[in-house]
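Participant: Chains as they are written, first to last, in this note's numbering: chain Z, 39 to 385; chain A, 39 to 385; chain B, 39 to 385; chain E, 39 to 385.
Just to be clear, a hint being listed does not mean it is correct.
Any copy, or any two copies together, can satisfy a pair, since identical chains are not distinguished.
Restricting the straight-line Cα-Cα distance to at most 30 Å, the calculated cross-link-like pairs of lysine-lysine (DSSO-like) are [stated by the list, open to error]:
id, residue 1, residue 2
1, Lys78, Lys204
2, Lys200, Lys288
3, Lys149, Lys384
4, Lys168, Lys63
5, Lys174, Lys200
6, Lys63, Lys78
7, Lys63, Lys372
8, Lys63, Lys149
9, Lys288, Lys63
10, Lys168, Lys149
11, Lys384, Lys174
To be clear, the hints were calculated from the coordinates, so they are not data collected in a lab.
What you are looking at is a predicted structure, and each value in this text was computed from that prediction instead of being measured.
Protein chains: 4
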Amino acid sequence: MVGFCIFGAGRMGQLHARTLLDNDKANLRYVYDVIPEAAKELAERSGAQVAPDIRTALASEDVDAVIITTPASSHVELVIEAARAGKAIFTEKPLSEDIETARHAIEEISKAGVITAMGFMKRFEPSHYKLIQAVKSNQIGRVELVVLTNRDIHVTILELVKETHKTAPYTLLRESTVHDFDLARVLLGEEPVEVYVSGSCLVEPEFEPIGEIDAAMTTLRTESGQMCHISNIWRTQYGYDQRIEVFGSKGMLRAENRPETSVMHFREDGILLDRLIPSSEEDWASDDFFMPKYAAAYPHEMNLFVDAVLSGEPPLVTIYDGYRAQMIVEAAVKSLATNQPVQIEKD
Amino acid sequence: MVGFCIFGAGRMGQLHARTLLDNDKANLRYVYDVIPEAAKELAERSGAQVAPDIRTALASEDVDAVIITTPASSHVELVIEAARAGKAIFTEKPLSEDIETARHAIEEISKAGVITAMGFMKRFEPSHYKLIQAVKSNQIGRVELVVLTNRDIHVTILELVKETHKTAPYTLLRESTVHDFDLARVLLGEEPVEVYVSGSCLVEPEFEPIGEIDAAMTTLRTESGQMCHISNIWRTQYGYDQRIEVFGSKGMLRAENRPETSVMHFREDGILLDRLIPSSEEDWASDDFFMPKYAAAYPHEMNLFVDAVLSGEPPLVTIYDGYRAQMIVEAAVKSLATNQPVQIEKD
Amino acid sequence: MVGFCIFGAGRMGQLHARTLLDNDKANLRYVYDVIPEAAKELAERSGAQVAPDIRTALASEDVDAVIITTPASSHVELVIEAARAGKAIFTEKPLSEDIETARHAIEEISKAGVITAMGFMKRFEPSHYKLIQAVKSNQIGRVELVVLTNRDIHVTILELVKETHKTAPYTLLRESTVHDFDLARVLLGEEPVEVYVSGSCLVEPEFEPIGEIDAAMTTLRTESGQMCHISNIWRTQYGYDQRIEVFGSKGMLRAENRPETSVMHFREDGILLDRLIPSSEEDWASDDFFMPKYAAAYPHEMNLFVDAVLSGEPPLVTIYDGYRAQMIVEAAVKSLATNQPVQIEKD
Amino acid sequence: MVGFCIFGAGRMGQLHARTLLDNDKANLRYVYDVIPEAAKELAERSGAQVAPDIRTALASEDVDAVIITTPASSHVELVIEAARAGKAIFTEKPLSEDIETARHAIEEISKAGVITAMGFMKRFEPSHYKLIQAVKSNQIGRVELVVLTNRDIHVTILELVKETHKTAPYTLLRESTVHDFDLARVLLGEEPVEVYVSGSCLVEPEFEPIGEIDAAMTTLRTESGQMCHISNIWRTQYGYDQRIEVFGSKGMLRAENRPETSVMHFREDGILLDRLIPSSEEDWASDDFFMPKYAAAYPHEMNLFVDAVLSGEPPLVTIYDGYRAQMIVEAAVKSLATNQPVQIEKD
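Turn these sequences into a full structure, and let the hints guide you.
Facilitator: Right under this line is the structure:
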């Protein structure tokens, strides 16, 4: 049985709490949130206690593992505290907002020797997960080319892009492409060493004057010459477009989009398949349009984390993986700014 | 808010209880089961009370609707009692084991004027439901031909078939084809008037000597000449095969099987798609192999029943529909026994 | 090298002549037609001679094989003449218009010991052919269920149906279902012994008063309990619908319809695939709407016939197969007329 | 009626001659080849005359149009001669082996005002052609992203690559990617202004030491920010991989690969679709593995050229298009050599 404390009682905290409730190897002991009411509500619904502060929770012997779903700026500090307290750690991305503190956190985790996991849930969507396992079990031989397609239905963070443009430009790379960098790493099975990004403003007129982008084509290379292409844009007319293609020396694997249902309408002008997940009008228009596609991925990543804590085997995606993805983001941002291929820093 | 009593605390009772818990327009008040411990356990987990007996539950003003998931032999009596008590009724199939008491129950329901629903969950699987709505909204014009494919992974009720063969022969028609008769009725939009069944023993050697069948091809006709074909067998090597095809004067709709994931493996010998739902070995081998395919259908039918009780509008499938499907079973059994097309009795 | 004479210089004769031209194992020597100009034109285009009469052509030592594409009423006589002359015979269907002369022709062929082939081109369409080979090479074990879908875009022979209704009723069974009977025989691998047909007039108002049909659902059975369903109708809104499904003890094979191209249009309302072959407006509206679907089948059947003549091995479909399909038609017509399952006559 | 002269009686010349024979608006008058026997054979089979020399053919009033299928080094000179003679010109690619003479030829064509066409047959494959028409008729709004996949089954020109490496390096870009550059131009609807190529040697060990490549990922940009990704490699295990994806402001169009037949095999381990065109072992292993995929494209491009000559309207792809594609090749080669994005020269 793994005892848990959740830091952050918002949407993601609630979602993970529900998974723990359904998992009989897990026990949610504490909930902490800077808003005490939020913590209280989630604690009550989950049969857990409100932690009066972070320290208390981390000091508790009942707590084996923590889940960090607080705002991004507090992640790295919580990770470091939890590592020092010897707790297993699941944190939502990003690890940190600057690469120096991220590196520091990685060192602390390494010293502490704790099990960690990063909320790159895309790896755990059933089709993606199956594809990754197939690649790892050598079903297509040596991986040579990877093609990732990651296109949102609409821009959800217009204001954020404008606010952070000066301090942290190219939110598209930081928020969207970072997931693809993570997928690329696990699929290539080797670290990318170089990145080239071509970016455009095709969708959002407000981005043009400030030099921001909402579409990008990215090329990654590894030392041995493997290549990866990533296609991003922040608006489609046909739904949430999430595809993986891995080409190897012995075959190819693809995870395709899926229509919401299997209904086919044979008509005079052709055969109409249902539209992509999510098909409901509300989900489509919502800022959370991505949730139905990844509905099974969230419990899956958490249940595998529980297993990892119990077995002591690192899970599919660790905080170190999050750190490496962030390193690629840094190089990608530089590439976009200079229109040059940029070397990705090694450890 | 609809107050509920569940009769029967077994697997289906538990499944419906969970749906009620997640539905904030429903409230599970009582659980009854002939095994008190079963009732107690479900009641506790659901925040409900154990009903000491059926009468008490039906007399309670807190109860607006009942859910009947007891063994088949008790369905009809409970339905009649509940109708007399003025409660809305959801019952698993069958309504009754003989057609006379079924007819009587229909009269009582009609007198009582209560809302009813029947557990023909196949109508509520998302692809099926979408297809039915498309037919009803006239997207393919007048329905002319219906083709239903309903093939189980393996025989799950070998013993039942042998036991009941003399009193109620052709379990395949009673347990499997009855679902297709229900689908045929809603898709044709007209009552079938004639049925012809061709049956064989292709799978289970023990059926041959006693004259039982495990495979059937059935033809239904309506007065206006619409036709429906149904293909059943109790063993596949490729998974649970559930398909609907509706051909109309203006087009065709099909709900196809789905692979478990969208992964495509491009190989030297072709493109391998994932296998049909359910793909896990345990689910595949289980007697409940059908559950993953209909996982979304059970809560869907129950939530729509809650809405029906609140609105007073009859739901998509009523107990009367269950009664009509049973009438077709009676004629189908006679057709198989005589190798003749048989007229289906009218009301 | 196989020397050929073609009887009948119409569309089918021209089509086969072109295949012979492209086949360097074949040589078209003579063309005969009751209209001398037609014979002359085809002969000139093909580097062949006009045969002054049938006898001359059959007497020629240069002629090893004949192709019969004359009107149906003359088929059986030509077949008998050619058999007596010791020539290999390819004839378009039907063998004969009555079953007695058909039987006689079969006897003559048997006596002569010549290689024969029947123009059931549907077996030779590439997907159908591949599926048949897969069944024959035991890829799905024992065949248990067959489902055939054969739906024309529109009624092409309205006048013929009305004219022949009294002497040879149910043209749908004679012209359309006969192809399915042929497919059923090769796929089941066993002779059907019983047939039941349910037929309706759903499309063509002129058929209703005279008792003719334009839609049918047919069930075939073999001695060992295999079953086959056939779905026919003479009008679709979505194109020419030709499907085969074969269910066996070890798996299932299906040959599906194909859109004309592989283009997918991802739209707000779903994914639109191209319409079925044939997609062009002219082909769609034409009485020859079936030609593009079977464009590759015609040369394929003829080239395999050439090989059969050279090797002495009977081809995939012989005149005897045509005779057996006709026997099933006879029983099917009786079944439809009496609304009873009817035994199919043995040899 | 358009009178033709074909220069070059090899495989492509023969293929085009056959198309002309089947086209009743075209008439093949002359064939010329440096090998007189080759010319003679093709001329005889086509009912044409052998041209004693190029000049005679170009001087003939019977010749309205020429088809150039001679070796690449002679293309540009023949184009210039034909333009000066006022003939319409269809030439196989490339226009020229160096960009200066190519530019000169374009000027001569422009002065002469003749109709021209370039043998970029990929535009004319039925799915590609339909997709291009859909883009041009604005079915997906403004084109924003294009993704092209072009992967050969095996390296067919190993020796050529090694021979030409010093004078004309990166044959992959010159022979394969050039087709994609042509598709990109027509799909983007705007000239690419910048190209970045990342290339690797992943397949052919002999390329590594000489710095040659057999795989590339290319990014193109236009002035307005449209982007195009091209994925090339010279070896697959699953067949000839040819895909087009066009993402626009109002939807997406894709032309996918197709299995050879529509047969689906439902098995215990999943659903096996047929392998990609070409599926036969001989075609697969042949250097002409690409022919079956483009079998319909060659007559299509030629028939449209005949129409263009008759109507005076320029065809879908002119020699100018070939020249522009070659300009992109030049920049791509430079990009690969320098690992920098390179500007594409304007006219």
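Participant: Confirm or reject each hint.
Facilitator: Do the hints match the structure? See the list:
Taking the closest pair of Cα atoms, Lys78 and Lys204 never come within 30 Å of each other, the shortest separation being 38 Å inside a single copy and 62 Å across copies. Proximity of Lys200 to Lys288 under the C-alpha cut-off of 30 Å is restricted to the inter-copy arrangement: shortest distance 25 Å between copies versus 45 Å within a copy. For the identical chains of this complex, Lys149 and Lys384 are intra-copy neighbours only, at 20 Å inside a copy versus 58 Å across copies, given an alpha-carbon limit of 30 Å. Taking the shortest Cα distances, Lys168 and Lys63 sit within 30 Å of each other inside one copy (24 Å), while across copies they are farther apart (38 Å).
For the homomeric pair Lys174 and Lys200, neither the shortest alpha-carbon distance inside one copy (40 Å) nor that between copies (35 Å) is at most 30 Å. Taking CA atoms no more than 30 Å apart as the test, Lys63 paired with Lys78 passes in both settings, with 23 Å inside one copy and 24 Å between copies. Taking the closest pair of Cα atoms, Lys63 and Lys372 never come within 30 Å of each other, the shortest separation being 44 Å inside a single copy and 53 Å across copies. In this assembly of identical chains, Lys63 and Lys149 lie within 30 Å of each other by CA distance solely inside one copy; the values are 27 Å within and 52 Å between copies.
For a Cα distance limit of 30 Å, the shortest separation of Lys288 from Lys63 qualifies neither inside one copy, at 40 Å, nor across copies, at 40 Å. With identical chains, the CA atoms of Lys168 and Lys149 are never at most 30 Å apart, being 33 Å at best within one copy and 55 Å at best between copies. Only within a single protomer do Lys384 and Lys174 lie at most 30 Å apart by alpha-carbon distance; the minimum there is 23 Å, versus 46 Å between protomers.
Hints 1, 5, 7, 9, 10, counting from the list given before, are not met by this structure.
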